[in-house]
Amino acid sequence: MAAERRPPRGSTIVPGLAYSALGLRTLTVIWLTVSLTLVGLALWRGHLWLWVAVGLWWIGTGYDAWRRLEGRRPRLWPAVLIALAAIYGVGWEVTEIHPLAPFERFDKMRPYLIALTQPDLLTYPTERQVLRIPVEVPCIHAPSPKEVRGEARVWLSADCAQPGDLLTLHGEGFPTGPSLELWWVNPIGERQRILQEGRPLSPQVDTMGRFQTTFIAPRAVPLGFEPPPGQSQTHFLELHIVRVIGGPRPSEALLEVAEKMGETVAIALLATTFAVLIAAPLSFLAARNLMGGSPLTRLIYYAMRGFLNIVRSVEPLIFGIVFVVWVGLGSFAGMLALMVHSIAALGKLFSEVVEHIDPGPVEALTATGANRLQVIRYAVVPQVVPEFVSFAVYRWDINVRMSTIIGFVGGGGIGFRLSEWIRLSAYRQVATAVIGIALVVMALDYVSAQVRRRIV
Amino acid sequence: MRRHRRWLQIIGGLLALGIYAGSWHVVGIDLKRLVEPQAAQRAREIFTAFLAPEILVPERGIQRVEALVRVPCESGNASPSTVEAGEGPRLFLPPCASPGTRIRVRGEGFRPRSELVLRWVFAPSPQLPLGGELPAGRTRTDDAGRFELEVEIRPLLAREGGARLQAEAQWEGRWRISPALTRTIELMLQTIFLALMATTLATGIAAPLSFLAARNITARGPVGTAVYYMVRTTFNVVRSIEPLVVAAIFATWVGFGPFAGVLALTVATVVNLGKLFSEVIETIDPGPVEALLATGANSLQVIRYAVIPQITLPFLAFIIYHWDINIRISTVVGFVGGGGIGYQLKLWIDQTDYHKAGTAVWAIVAVVSAMDYVSARLREAIR
Amino acid sequence: MPLIVDRLTKIYPDGTRALHEVSFTVEDGEFVAIIGLSGAGKSTLLRCINRLIEPTSGRVIWNGIDITAASPRELRKIRRQIGMIFQQFNLVKRATVLTNVLTGRLGYVNPWLSLLGYFPPSEVQRAMRALERVGLADLADKRADELSGGQQQRVGIARALMQEPRLLLADEPVASLDPVLAHSILRYIEELNRKDGVTVLCSLHFLDLVHRYATRVIGLKDGIKVFDGRPDEIDDRRFKEIYGQEAERIGG
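Protein chains in written order, with the working numbering: chain A, 48 to 503; chain B, 1413 to 1795; chain C, 3 to 254.
Chain A with its partners taken away, still in its complex shape (with noise of 0.2 Å):
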């Protein structure tokens, strides 16, 4: 019977062609999507390899239509796998995936994965007491070793270098005890801690109170205030004797974190409770089954759902800089940003619970002469209370999360923290914040899920 409606051979020059004329209407749509996406790709990108794709996915493509035209097999896997080599090569390339430079730039990580094990929770309080040394920058006489005499004694291998000279300290007569930190201080007061391989460092004490050690000058001139060519500049090498007078405390960032979640979790259960009472009466609006009535009702049905899908569509996180140029900065703004992104969202949700609940009851009270209003009243809103609530819980759930990052954009909670930690990489506040995120969210993620469970 096949033979009879077999259509000329010739068609598989267009592929398409020969599957349309063979009744596979699926294979037909499939085939015209992915060539034009072919073509569009090599318009787009402009390269060879592309149209050589796009003919080898026109020669794949026809060879299975020839073999269905003569009742063999089908064999489309080769065509299938050069589309996708295409689509994949393009993908590859536009968002410049570098398979290599997470390896390359692993020290950049580094950092993030040892503070994980060791975040910024605790602080002592501590006492220091500094001992000043002045180094002149650059040289321009010839360095000599200095001296600074106090209850301990402490010598500089030289009282001037330039940035990157090496210098030797040491010292006698220091208490065992406290440790040492060694900071430079540039001529405008900034001061910044001096580093060895990346780390602070911290010389060791003897048992007979001395120390030694070597470290590399930094470079502190302060931009715009360069020293006059053949003069120098007075910094200063500051060593500083740290002892811990008391026990633990919270740490400013963990202190920060605490507050900051409970500021996140706040934005969130507001912006939920708004959305849940404006969501609630405009998903009546938007049930086909409430609003089939007139021709009006319809079209207040299809403008709500056209509205709730626009809206649903925009992530909060866009709501969050609209919100932040309209109302200014602050945890106000991502409020705002969550609640009219859950109104879309919920809207959408109990719309659908509207249309699926029992219409028996509907129908009874109408037969008793109940007015429209009255029926929502009696036979609508009981039977779906238990699942807009459920709903609105699993929605709060969702919001603590989004909350966590609103500030990103400037819409309060923990996220305006966590992210100018990030740019300062300041890497043990990043994994206080990142911790106190994933306790918090687990927890009501938890007590979300028994919530539910206990409603439906």
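Any given hint could be a false lead.
As the list claims (entries may be wrong) - To be clear about the criterion: a stretch of chain A counts as covered by chain B if any three or more of its residues have a C-beta under 8 Å from a C-beta of chain B, and this derived list gives those stretches:
| # | region |
| --- | --- |
| 1 | 196-210 |
| 2 | 349-361 |
| 3 | 476-486 |
To be clear, the hints were calculated from the coordinates, so they are not data collected in a lab. Note that beta-carbon positions come from the ideal geometry of N, C-alpha and C, so glycine has one too.
Start from chain A and add chains B and C according to the hints.
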């Protein structure tokens, strides 16, 4: 008993009230800020601009000619003759003039009926270290592309010893696709590909991992049980961190750009898909596995012919669903340097280019809704 | 080359004793029906023979080979000669009928090529012949879940046919089917038994089917063999022994 319950309700109510009051205070809700004149003005500006996204812009045509006019004339007060400047459009004007007088400037060969602006352009000088511009007059060219205008020689010109007089004809040409729209389309394509690459990479990682997180496959013996709980816990912990946080960290790791976004989305998708996949594996029908074992097939053959056919379509449905989700996220991953449309959108809003931002927002709405629809249809089709 | 089951015992980890010292010998070409209440140990007995369930103790010897002592590799060699069909058919529902039938051949074909989804043309032809034999050749490209229950069970038989089995284990092959279909399925099994000389061990629920098809009956009660003999030897006393005092005979 009932009284007991009443008390609980009162306490619960008070507690809720307290929580809401605290939240209200912490969040700093101030509805007045929505309608304050300035805020309302900004909001109106944004939303009206969003309703008129920049899609087509008229091509701007410009013709420019300039000639130097010295002030005052060096050779006393000799009546200056007219000189000609430029090719194509030409300018006729005296080469020098005295302060306080007016000179007659004539032009030819400009585009007919276009806006014509005359301005003085000053070279940098000790008084004007960056140079400067001064408007000198404005008119329209006639049907033959000519104009004539009198220009005043202001005292400033004498101080600077003269300046170049620039005549610029401007007109609006054909409507063209705006550069903002081209940029938006290009970035939306990048956004879609970002989501595609992340979803694919994540599938490749999550599919094998999900077997480790499936109770019926892994949780056998102490080692297996330990692995099972470890993978599960990792999934749950990582799931609680939003992809944007990961993206912000990855942007410092691999550098700003879409690759950071791809990696961040991959991490998020691996844990989500891993969990969903493992649930699929936990609910497969053990019958075919038994049947194939009975035919003498080895364990790889059993996985290939009894397990994989059962999980392929549910996996595919979840993959499509997550591609959809990832497109949504990748519209904002650019806010933290992760590529896609987000960075450009934020930039346009920060520069108060709200019409261009509107273009981006509508493109997002279009692509996200389309993907939402397509993914729902695809998932229905493969069920 | 008989099948010898020797004091086979299975105790599940939760302490349930599913089989207790069950012994019997099946000669080539017999059609043995295994009867008993649900939970009497019928499925466990069949599955212990090809070791889908590991017996706790006892031996199963077939063709002179001790199945219970076989290494995993040997076990696969033995299993490929023992066909099995199931109450729930155990087809891969999302795969095509042809693929489902071909999987019966996995123990014979090149394992690596089979992982790529490749089967030699000769095997595909063999599968088509098997489908013809159960009357389903025109449904080869359909997905298995598009078929009715009876058709699915015939696919199950075709899958077993692919193994060219010398022994067929059938675990309640007709319990999920209408009585009319039950006869059509059992006739295929009977044909295998009569024409190809395949030994059949088949657990069955209905006595009329036992009388119609089996040459021998083994009755199980609480994991213990309570009857072994010809179908016509089952009288009311024996019946009550196997099925309990409250049971009533229905049907044939």
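Hints, one by one, checked against the model:
| no. | hint | verdict |
| --- | --- | --- |
| 1 | 196-210 | violated (count 0) |
| 2 | 349-361 | holds (count 4) |
| 3 | 476-486 | holds (count 4) |
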